[in-house]
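Q: The chain contents come next:
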Amino acid sequence: MSEKDADLELVKRVQQGDKKAFDLLVAKYQRKISRLLSRMLREQSEVEDVMQETFIKAYRALPQFRGESAFYTWLYRIAINTARNWMTAQGRRPSSPNPNQNEDGETFDDVDSLTDNNTPESVYVSQEIAATVNATIEQLPEELRTAIVLREIEGLSYEEIAQAMDCPIGTVRSRIFRAREAIAAKLRPLIDQYGDRRW
Amino acid sequence: MVTGAGKQGESMSDRSTEAQSDVEIHEESIRILRERVCAMVDGELDPDEVPSTISQCTIRDWSTYHLIGDVMRRSDALGPVSTTFAVRMSAALEREAAHSTVRSQATVEKRQGHGETWWRRWLSWPTAAMVAALASVVWISYPLLETEPTHSTTASLSSKSTGPVATAVLVEKKAAEPDLSDYADAHQQYASPIAMQPASSGTGGGR
Numbered sequence: 000m001s002e003k004d005a006d007l008e009l010v011k012r013v014q015q016g017d018k019k020a021f022d023l024l025v026a027k028y029q030r031k032i033s034r035l036l037s038r039m040l041r042e043q044s045e046v047e048d049v050m051q052e053t054f055i056k057a058y059r060a061l062p063q064f065r066g067e068s069a070f071y072t073w074l075y076r077i078a079i080n081t082a083r084n085w086m087t088a089q090g091r092r093p094s095s096p097n098p099n100q101n102e103d104g105e106t107f108d109d110v111d112s113l114t115d116n117n118t119p120e121s122v123y124v125s126q127e128i129a130a131t132v133n134a135t136i137e138q139l140p141e142e143l144r145t146a147i148v149l150r151e152i153e154g155l156s157y158e159e160i161a162q163a164m165d166c167p168i169g170t171v172r173s174r175i176f177r178a179r180e181a182i183a184a185k186l187r188p189l190i191d192q193y194g195d196r197r198w
Numbered sequence: 000m001v002t003g004a005g006k007q008g009e010s011m012s013d014r015s016t017e018a019q020s021d022v023e024i025h026e027e028s029i030r031i032l033r034e035r036v037c038a039m040v041d042g043e044l045d046p047d048e049v050p051s052t053i054s055q056c057t058i059r060d061w062s063t064y065h066l067i068g069d070v071m072r073r074s075d076a077l078g079p080v081s082t083t084f085a086v087r088m089s090a091a092l093e094r095e096a097a098h099s100t101v102r103s104q105a106t107v108e109k110r111q112g113h114g115e116t117w118w119r120r121w122l123s124w125p126t127a128a129m130v131a132a133l134a135s136v137v138w139i140s141y142p143l144l145e146t147e148p149t150h151s152t153t154a155s156l157s158s159k160s161t162g163p164v165a166t167a168v169l170v171e172k173k174a175a176e177p178d179l180s181d182y183a184d185a186h187q188q189y190a191s192p193i194a195m196q197p198a199s200s201g202t203g204g205g206r
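Protein chains in written order, with numbering that gives the first Met the number 0: chain A, 0 to 198; chain B, 0 to 206.
What the hints contain is simulated information worked out from the structure, not anything from laboratory work.
Check each hint, because a few of them may be wrong.
[Stated by the list, open to error] Going by beta-carbon spacing under 10 Å, a handful of chain B positions derived as facing chain A:
{"hint": "1", "residue": "G8"}
{"hint": "2", "residue": "S12"}
{"hint": "3", "residue": "R14"}
{"hint": "4", "residue": "A18"}
{"hint": "5", "residue": "V22"}
{"hint": "6", "residue": "R59"}
{"hint": "7", "residue": "I67"}
{"hint": "8", "residue": "M71"}
{"hint": "9", "residue": "T82"}
{"hint": "10", "residue": "T83"}
[Stated by the list, open to error] From chain A, some residues computed to sit far from chain B (all C-beta separations above 12 Å):
{"hint": "11", "residue": "Y28"}
{"hint": "12", "residue": "R59"}
{"hint": "13", "residue": "T87"}
{"hint": "14", "residue": "T131"}
{"hint": "15", "residue": "Q138"}
{"hint": "16", "residue": "K185"}
[To be verified] Output of the computed footprint for chain A on chain B, the stretches with three or more beta carbons under 8 Å from beta carbons of chain A:
{"hint": "17", "segment": "26-39"}
{"hint": "18", "segment": "43-50"}
{"hint": "19", "segment": "86-92"}
Idealized CB from N, CA, C, for every residue including glycine.
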């Protein structure tokens, strides 16, 4: 199942009235949307307001979402439009539309050229988290490391990983879980430590 | 002989074992749930298990697994988010209506609309076809039943109908020019079915 299909499964659950499924979509995409918005908006304090508005707009519009485009490209479009409307309301000139942007809104070169409001602290925490993840991956047993890399970096399905590693799909599932759990065990104290701050 | 203190010790030991067992069961259930969440992150969970996993999983586990993937792929694509955002977002979402009622109403309306269209189609096509067939039969059989059409009959037919003018004119000519009667008889028999075509097409075109 592709990323798009996995999201669509959650979207269907939301459309059937399951709000928890939307919480999962928010949790999945909040950092990416935050990154996008932090490059469009001048003040970091505005980012979460606009992000909240983005997710609420997306939630309200979800019954009309038919899955013709990927959920995240649809969400990105809503985020960009919400940020532009916000800037207009604040009397600021929104960024001009990007002629290179495709109809799914997957290219965001105009956004990348705008300001980046990451604070030194948030950059530090992000780097520390990245270092922890990478260090833990290095320490994983070879079969766990291969499984997680094939999944996360190469984007292979469990079936494809099973073929590549010549083992049952159940073993792939177990190896990926063990790898993630090993990394998560190192991350949880960090997340708890920085939990009360924006990172 | 088992003393009171010994019994108490055994009882405490049993409780301790039970508690340890409960902890193990709890940890095992968490491990199973996390493994499902992990598979759901990859879109590899059995669809039948998705609803129960969504309801039981913690946002924290889900977020952490996604964070690992995001960091492995491209750490600079992530932006900072405060933990208060999740609380604010949850509260804002709580104020929104669930979609199921809106959706089911829309589905009902759509189905009703679909039903109307379906019945309208079901009724209109045979009706149009029957009218067209009846008109064709009348148009074909009427001239054939009239063995020797008179001028008045033909005129009446041509005035009542919106049929082909050429046929009416030809029959009128037949009456006026007896020399051409054989030709007109033969021509009328072959011309009628062909002359019907526009009439049938006209009926069909009105559907």
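Q: All the hints need checking, so say for each whether the structure fits it.
A: Verification of the hints:
1. G8: violated, 36 Å
2. S12: violated, 31 Å
3. R14: violated, 30 Å
4. A18: This interface hint is violated because 24 Å lies over the 10 Å limit.
5. V22: Since chain A brings no Cβ nearer than about 18 Å to B:V22, farther than 10 Å, the hint is violated.
6. R59: holds, 8 Å
7. I67: With a minimum Cβ separation of about 5 Å from chain A (threshold 10 Å), the hint on B:I67 holds.
8. M71: holds, 4 Å
9. T82: holds, 5 Å
10. T83: holds, 8 Å
11. Y28: violated, 9 Å
12. R59: The assertion about A:R59 is violated, with a minimum of 7 Å to chain B.
13. T87: holds, 22 Å
14. T131: The claim breaks: A:T131 does not keep its Cβ more than 12 Å from every Cβ of chain B (closest is about 9 Å).
15. Q138: holds, 14 Å
16. K185: violated, 10 Å
17. 26-39: holds (count 5)
18. 43-50: holds (count 4)
19. 86-92: holds (count 5)
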